[in-house]
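> Respectively, the protein sequence lines represent chains A and B.
Take 14 as the starting number for the first sequence in my numbering and just add one per residue.
Take 12 as the starting number for the second sequence in my numbering and just add one per residue.
These are computed hints drawn from the structure, not numbers from a lab.
Small disclaimer: the values here were computed from a predicted structure and weren't measured.
Glycine included, C-beta positions come from ideal geometry on N, C-alpha and C.
Wrong hints could be hidden among the right ones.
FRET-style restraints, in silico, Cβ to Cβ [claimed, not checked]:
(1) Trp-242/B <-> Trp-280/A: 36 to 46 Å
(2) Arg-148/B <-> Ile-288/A: 35 to 45 Å
(3) Gly-104/B <-> Leu-59/A: 11 to 21 Å
(4) Trp-216/A <-> Gln-163/B: 52 to 62 Å
(5) Trp-242/B <-> Pro-28/A: 22 to 32 Å
(6) Pro-218/B <-> Arg-259/A: 27 to 37 Å
(7) Trp-216/A <-> Arg-148/B: 49 to 59 Å
(8) Arg-49/A <-> Thr-80/B: 12 to 22 Å
(9) Leu-90/A <-> Gly-72/B: 40 to 50 Å
(10) Asn-210/A <-> Thr-80/B: 52 to 62 Å
(11) Ile-121/A <-> Asn-222/B: 26 to 36 Å
(12) Arg-161/B <-> Leu-99/A: 30 to 40 Å
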Amino acid sequence: MSGKPRASTLPVILPAGERLARAALRERRAGTHSLRLRGSHGWALLGAFVLGCGIAQAQSQPEAPSIFDTLWKWTPLLARGFVFNLAISFIAMAIGTAVGLFLGFAQISLLPPVRKGAWFATHFFRNAPWLVLLFYCMFLLPFQVTVFGVRIPIPDWTKATLGLALPVMANVSEIARGAIQSIPTTQWEAAGSLAFNRRQTLWMIIFPQCIKRMLPPWMNLYAILTMATVLASIVGVNEMMTLTQRALSAENRPGLLLAFYSYVLLWFFVYCYPIARWTVRLEARYAVNQ
Amino acid sequence: MQLVWDWFRWLNDATGINLTIFYDAFDRGRFASGFWMTVKLSVVCIAASVVIGVVGAWIQGSRFRVARTIVYWYIQAFRNTPPLVQLYFFYFGLGALIRGVGGPLVTNVTWAIVSLSFFAGAFNVEIFRAGVEAVPRTTIEAAESLGFSRLQAYLRVVLPLAFRISLPALNNNLVNLVKTTTLAYAIAVPEMLYVSSQIWSDELNVPVMMNVLLVCYFVIVGVLVYAMHRWERAIRVPGFGA
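Using the sequences plus the hints, can you model the full thing?
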């Protein structure tokens with residue numbers, strides 16, 4: 014990856030191939046596909062929402078409140094669910110990043126057992142599906158722990174957060190390892206010649222350079238994680254998707270399905286779109302001087 | 012074989028590690044069918060999504076603007092919505108519309124296959140298109156000068172070359188697809204996650220089954236990743252890429 018591209022013995026592959034190879038490498042490192050939201054997606058969603066509202070309005074009884082009143086009535090509840098989604102994503106990302114960075118550093122350790130253990134942990138959690146890890150934490154963690162006679166309850170959403178933090182951890186670990194290895198070895202040699210020891214080199218020279226390489230995939234991972242928080246609805250956490258299902262069954266009116274779900278999608282789009290755009294811009298900016 | 016099953020029964024008595032999927036014939040059958048269903052889902056979806064990708068990439072290069080636009084919006088719709096939503100859309104939305112007299116015409120397994128194939132197919136179209144774009148126009152012209160028709164040139168010259176270029180990106184996507192098959196749980200497809208949840212609610216051996224499940228997925232995905240990387244290295248275009 015480092016240095017200039019190798020001279021090709023088959024110089025007939027056009028630049029599209031190189032772009033694909035770079036994208037594949039980036040995705041392999043990030044562990045997820047990159048999110049490429051565009052403005053037109055928002056307009057398509059808005060169209061679906063308007064269409065859903067039209068259907069709902071057409072199917073409703075004459076005396077029933079209008080669809081917009083109904084949506085407005087449920088909005089505070091749904092917003093509370095959305096805040097919950099965001100809280101889960103923040104905490105999972107924070108835990109995942111902290112532990113993942115540690116694992117990433119362990120992956121380039123000079124001690125073989127540490128290196129191999131970290132490699133195994135990373136790939137174990139990267140290969141396991143997110144849903145399985147979520148189930149794992151939901152069912153295996155106790156509902157309360159007793160520490161020095163004090164009972165501390167562990168609510169469902171904490172377990173879901175931990176379940177989502179595990180895959181984030183593994184992906185961050187791989188992102189960190191990839192970033193560290195993408196720094197040219199000359200940097201290490203230069204630091205060594207200036208009498209920096211390994212830890213100093215890593216912390217004061219290599220890692221600061223890694224941050225900007227890690228930022229785009231890290232933000233992409235965050236957007237993916239935010240969308241994955243709705244998986245917690247399968248295991249019964251009171252987040253936005255669960256609350257939407259409850260609202261729908263409480264309303265018990267035909268034709269609300271499309272309107273409500275596209276409304277939820279719009280919320281997620283409005284949140285994720287700026288992140289996705291910013292990621293693309295950062296990627297473009299940092300790609301130049303690599 | 013009986014000896015092995017008895018050993019697992021002894022393991023349960025001695026240590027409390029209750030692996031009913033080994034010594035209980037009924038659970039063994041259930042788990043095996045779940046494992047088999049996951050493998051089947053994965054293989055069928057991989058094959059179908061690759062076909063969708065190839066056909067989609069071909070249409071994207073065609074002269075018909077309408078066909079190109081349809082494929083473009085298909086990609087946008089399936090790339091940017093969560094697969095769970097797509098699964099619900101197919102199963103509850105379309106499944107409710109296509110309904111025979113005596114029950115659903117299309118089973119949930121088929122819906123899972125259709126939905127997951129279209130999900131992964133959307134990514135594959137883009138991957139193959141980039142691969143096809145990487146093949147120079149002159150190569151196609153050379154094939155045409157040798158008397159290949161447009162379809163023949165695509166199938167015999169462009170695609171084999173594009174496939175080798177696309178394979179790394181394709182692998183990422185296929186590994187992702189195998190992991191996404193767990194979502195079929197949500198529409199009660201009896202795959203490994205679903206069957207395991209049945210077993211642990213019957214036998215109350217949640218921790219043991221959870222670990223079994225995690226190890227099984229690790230092995231399935233691990234084998235796929237290993238095999239695909241070997242293949243990738245074997246048919247790599249010499250001197251191309253990092």
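> Does each hint hold? Answer for all of them.
Here is what the structure says about each hint:
1. Trp-242/B <-> Trp-280/A: 36 to 46 Å: holds (42 Å)
2. Arg-148/B <-> Ile-288/A: 35 to 45 Å: holds (38 Å)
3. Gly-104/B <-> Leu-59/A: 11 to 21 Å: holds (20 Å)
4. Trp-216/A <-> Gln-163/B: 52 to 62 Å: The hinted range 52 to 62 Å holds for Trp-216/A and Gln-163/B, with Cβ atoms some 59 Å apart.
5. Trp-242/B <-> Pro-28/A: 22 to 32 Å: Distance hint for Trp-242/B, Pro-28/A holds at roughly 25 Å.
6. Pro-218/B <-> Arg-259/A: 27 to 37 Å: Between Pro-218/B and Arg-259/A, where Cβ atoms are some 31 Å apart, the hint holds.
7. Trp-216/A <-> Arg-148/B: 49 to 59 Å: Given range 49 to 59 Å: holds, Cβ gap about 51 Å.
8. Arg-49/A <-> Thr-80/B: 12 to 22 Å: holds (18 Å)
9. Leu-90/A <-> Gly-72/B: 40 to 50 Å: For Leu-90/A and Gly-72/B the Cβ distance comes to about 48 Å; the hint holds.
10. Asn-210/A <-> Thr-80/B: 52 to 62 Å: holds (60 Å)
11. Ile-121/A <-> Asn-222/B: 26 to 36 Å: holds (29 Å)
12. Arg-161/B <-> Leu-99/A: 30 to 40 Å: Since Arg-161/B and Leu-99/A have Cβ atoms about 51 Å apart, the given range 30 to 40 Å is violated.
When the structure is compared with the earlier hints, a violation turns up for hint 12 alone.
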